[in-house]
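Student: Construct the entire structure; sequences and hints are all you get.
Sequence order for the protein chains is Y and H.
Numbering that gives the first Met the number 0 numbers the first residue of the first sequence as 0 and each following residue consecutively.
Numbering that gives the first Met the number 0 numbers the first residue of the second sequence as 0 and each following residue consecutively.
Everything labelled a hint here was simulated from the structure, so no lab data went into it.
These numbers come from a predicted model, not from an experiment.
Yeah, the Cβ is synthetic: ideal placement off N, Cα and C, and Gly gets one too.
Any given hint could be a false lead.
Said to hold, decoys possible - One-sided and incomplete, this derived list gives chain H residues near chain Y with beta-carbon spacing under 8 Å: (1) A99; (2) A101; (3) G352; (4) R362; (5) K363; (6) A385; (7) E392; (8) E396; (9) I397; (10) S400; (11) G405.
Unchecked claim - Each computed DSS-like pair below joins lysine-lysine, with the alpha-carbon atoms no more than 25 Å apart: (12) H:K21 - H:K282; (13) H:K72 - H:K8; (14) Y:K257 - H:K401; (15) Y:K257 - H:K284; (16) Y:K257 - H:K402; (17) H:K282 - Y:K257.
Unchecked claim - Quick list of the computed label-pair ranges, beta carbon to beta carbon: (18) H:K363 - Y:C127: 26 to 32 Å; (19) Y:C127 - H:N148: 29 to 35 Å; (20) Y:E147 - H:N260: 44 to 50 Å.
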Amino acid sequence: MIDIYTMGIDVGSTTSKCLILKNGKEITGKSLVGVGAGTSGPERAIQSVLSSSKLELEDLDYIMSTGYGRHTIEIADSEMSELSCHARGAYFQFPNVRTIIDIGGQDAKVLHVGDDGMLVNFAMNDKCSAGTGRFLEVMARALEVNVEELASMSQLSKNNITISSTCTVFAESEVISQLAKNTDRCDIIKGIHRSIASRVGALARRNGVIDDVVMTGGVAKNRGVLHALEEELGHKIYTSELAQYNGALGAALFAYQKLSR
Amino acid sequence: MNDVKKDLKKPAKIMLREIVDKVYAEAWEAKKRGEPVGWSSSKFPAEIAETLGLKVCYPENQAAAIAAKHGGKRMCEYAESLGYDNDICGYARISLAFAAGAECEEKPMPQPDFLLCCNNICNCMTKWYENIARMHNIPLIMIDIPYNNTPEVNDENITYIRAQFENAIKQLEKISGKKFNTEKFKRVCENANRTAKAWLKACSFCQYKPSPLSGFDLFNHMAVVVTARCRKESAEAFEALAAEYEESVNNGTSTWHYDENYRIMFEGIPCWPELQNLFRPLKEKGINTTAIVYAPAFGFVYNNMDEMIRAYCKAPNSVCLETGVDWREGICRENKVDGILVHYNRSCKPWSGYMPEMERRFRKDLGVAVVGFDGDQADPRNFANAQYITRVEGLYEIMESKKNGGL
Ligand code: SF4
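Tutor: Structure follows, in structure tokens:
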């Protein structure tokens, strides 16, 4: 039997992700470049996944693009919104998933999938970066720490601090004034995570939270936010190492489906 | 006679456009003659001013026209420079800017000599009109319609509103210098009823599959129900429109020139500055709008004063959730929609505020795909096209998977 290779490209606002699937099941490679739509990111991500998979562009049977910059990918055979792709990717990884919380660079969305893994409905943040990856980046900069350090530092928090502004700019000044008061940075970070959790939690409650809940997107790597969300919603939340590649995975799965139809 | 015949042959949409132009032209002429000209909220009982022969302009209609011609941002910023917050409804900001003298070539109209405000629209309207009354030092005739917590309008409210109607008539008699003629009032009401029936009839053609019209057309045509519902020619124009749709159904033609893969209800006021952007992804995916809330909201028919008062108690933002849900679910069923696209309108808090609960009801009761997007009816700064496109694609994909049992 000839192997079928499909590629999903997820061009987000701040990152580009690629993933190649063999026969709709096996991941042969994945790549991530830290810049997104309108940059060299997508091209670099494509080259990188091809070389790590030891494949050429010609070896790919179908390419599906998704994400904010999905329309800009000329080599794509077709495109699909990141909503359906996230639903499909999460269902592939967690067949019992019903609610997906995806927090990316500039948006946060909560998706519901049916028991067949199809998207049923969704709610997205409005035009505001609060509760997204960008919000965390701005806060990390104000605190002079790396985004990657936020999770472990939040675990050391001993006191509850509330960051009440939902506006990124105002929240940043709140953080700065906490620093000026010599508040422990770990406490501030935990406060920031709770602030994201309460905003995203409100979005999730709009349409109801149904188990199993899965978190995807770059922010899922931050276990501090994940735990804050678990506390906020009172539900266990699953995630995986592929959280950030979930949209690309879904796109690659849809690409495979297109061929098998 | 010949003229009338010729007129009847005109395409209805031209007839409708001419009626709105005439409303404004007559207001300008009245102003030139030194007669008082009013500004009115869209659901003030227009029958009263019409009976007294007073010429009236409609700030909501003006604001929509300005916004559609891309003057919204400039006018909103002008109002903000006067100290009005950018959270205030975009129609109000545009109107306040215009009343304060902002230049506006998009849709000029005479400045007001009196104001007719009815808060069945919303309570932002009350403050907006009070501000203009102060700015121009002119009389404000106010009709306060209590919010209806129940589907039925209670009798105390009718008594309360009737007294206000009577008071409004007295105040307007003074302003116009004319006596209120009940015979003429009857004729005016007959026209209003005939217009409403014809409007509802025209809207009802959306139920055909495929629809003989693009539902977005109704957003333009509704200007006549707002500004000229008491005129005979409005009734005639809508009757002509309905006849055209009937003919289209028979001929298999439509003003929607694309595939009709899916049919949706568009919930809320459209983003006037972004009509093209709103329309594009819908036409690309073959999604026709076959239901709009304005159909039932402006199609009210009554037989006497009490019924007329009850009718004016029912505006999109003055009815309780249950009535609001009934209206919408009724037109969704009639017009066989597969999905609903909800505009979370930054301008219109009362309308957007109860949409999350309505969304839940629609999903439960109708089982259709429901998706919301953020935007604004008049201020283009509150709309992001890429976000809108993603949401429409999401809606499309849900409808596809419902239809095909998967994508
Ligand atoms: S758009 Fe909404 S807030 Fe503005 S005047 Fe109309 S009802 Fe009121």
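Student: Hints first: check each against the structure and report whether it holds.
Tutor: Each hint, compared with the structure:
With 8 Å as the threshold, the beta carbon of H:A99 stays out of range of chain Y, its nearest partner Cβ sitting at about 28 Å, so the hint is violated. Using the Cβ-Cβ criterion of 8 Å, the hint placing H:A101 at the interface with chain Y is not satisfied: the shortest such distance is roughly 26 Å. Using the Cβ-Cβ criterion of 8 Å, the hint placing H:G352 at the interface with chain Y is not satisfied: the shortest such distance is roughly 13 Å. Interface restraint check: H:R362 against chain Y, minimum CB-CB distance 7 Å, threshold 8 Å, status holds.
The restraint placing H:K363 at the interface with chain Y is violated, with a minimum CB-CB distance near 11 Å, outside the 8 Å limit. For H:A385, the interface hint holds, since its Cβ comes within 8 Å of a Cβ in chain Y; the closest pair sits about 6 Å apart. Checking H:E392 against chain Y by beta carbon gives a least distance of about 4 Å; that is within 8 Å, so the hint holds. Interface restraint check: H:E396 against chain Y, minimum CB-CB distance 4 Å, threshold 8 Å, status holds.
Because the beta carbon of H:I397 sits about 5 Å from the nearest beta carbon in chain Y, less than 8 Å, this interface hint is met. With its C-beta approaching chain Y no nearer than about 4 Å, H:S400 sits inside the 8 Å limit, and its interface hint holds. At a threshold of 8 Å, the smallest CB-CB gap from H:G405 to chain Y is about 6 Å, leaving the interface hint in force. Between H:K21 and H:K282 the alpha-carbon distance is near 33 Å, which puts this suggested pair outside the 25 Å criterion.
Between the alpha carbons of H:K72 and H:K8 the distance comes to roughly 39 Å, so the proposed pair goes past 25 Å and is violated. Restraint check for Y:K257 and H:K401: satisfied, since their Cα atoms lie roughly 17 Å apart, inside the 25 Å limit. Among the hinted pairs, Y:K257 with H:K284 is consistent with the structure: their alpha-carbon atoms are about 18 Å apart, no more than 25 Å. Of the pairs offered as hints, the one joining Y:K257 and H:K402 holds, with about 17 Å between alpha carbons and a cut-off of 25 Å not exceeded.
For the hint linking H:K282 to Y:K257, the alpha-carbon distance of about 24 Å falls within 25 Å, and the restraint holds. Here the CB-CB span from H:K363 to Y:C127 is close to 28 Å, well matched to the stated 26 to 32 Å. Distance hint for Y:C127 and H:N148: a CB-CB separation of about 32 Å, consistent with the stated range 29 to 35 Å. One distance hint, 44 to 50 Å for the beta-carbon pair Y:E147 and H:N260, holds here, with the actual separation near 45 Å.
Going down the numbered hints, you'll see the structure goes against 1, 2, 3, 5, 12, 13, while the others check out.
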